[in-house]
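J.: Sequence:
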Amino acid sequence: MYVCTYIRTYIHTYIHTYVHTYIRTYIHTYIHTYIHTYIHTYIHTYIHTYIHTYIHTYIHTYIHTYIHTYIHTYIHTYIHTYIHTYIHTYIHTYIHTYIHTYIHTYIHTYIHTYIHTYIHTYIHTYIHTYIHTYIHTYIHTYIHTYIHTYIRTYIHTYIRIYVHTYVRTYIHIRPVFLFLHSLN
1326 MYVCTYIRTY
1336 IHTYIHTYVH
1346 TYIRTYIHTY
1356 IHTYIHTYIH
1366 TYIHTYIHTY
1376 IHTYIHTYIH
1386 TYIHTYIHTY
1396 IHTYIHTYIH
1406 TYIHTYIHTY
1416 IHTYIHTYIH
1426 TYIHTYIHTY
1436 IHTYIHTYIH
1446 TYIHTYIHTY
1456 IHTYIHTYIH
1466 TYIHTYIHTY
1476 IRTYIHTYIR
1486 IYVHTYVRTY
1496 IHIRPVFLFL
1506 HSLN
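Numbered by my numbering, the letters in the sequence shown go through residues 1326 to 1509 in order.
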């Protein structure tokens, strides 16, 4: 009886008073005061002040100042100065100096010297020496020697001997044979 009363009184009192008081007072106070204060004050302050300040000040400053400056100054300067200078100076110089020099000097020299020399020396020499020699020597020799010899010797001999003999012998005598044959 005593023990049960002790348990009911002390334990319940402890639970309802101390524990509930602890929960309601300390824990809730901790949660509502410290944690919420932390969340609303420090974290929100951090977010609104530091992060936003960081975003609006540092990053925007970075973007607007450094990057834009970089783009407008360095890149544009690079494009307008280096590349244009490169294009207008080096490439144009290359085209006007090296290529034109190449075309006007080497190729023209090649055309005027080598090709013309080739045409005037080798080809003309070939035409005048070999071909003319061929024409004058071989062909003319062939025409004058072989063909003329053939015409004068063989053909003329054939005409004079065979044909004339045929004409004199066979053709001239044939009418006589035909006449004699007709008498029979």
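Any given hint might turn out to be false.
Claimed, not checked - Computed spacing ranges between beta-carbons, pair by pair:
no., residue 1, residue 2, range
1, Y1395, Y1371, 27 to 37 Å
2, I1480, F1504, 25 to 35 Å
3, H1369, H1345, 29 to 39 Å
By construction, these hints were calculated from the structure, which means they are not laboratory data.
The beta carbon of each residue, even a glycine, is placed where N, CA and C say it ideally should be.
J.: Next, verify each hint and record whether it holds.
T.: Right, here's what the structure says about each hint:
Here the CB-CB span from Y1395 to Y1371 is close to 30 Å, well matched to the stated 27 to 37 Å. Take I1480 and F1504: their Cβ atoms lie about 34 Å apart, and the range 25 to 35 Å holds. Between H1369 and H1345 the beta carbon distance is about 32 Å. The supplied range of 29 to 39 Å therefore holds.
Every hint, counting from the list given before, is met by this structure.
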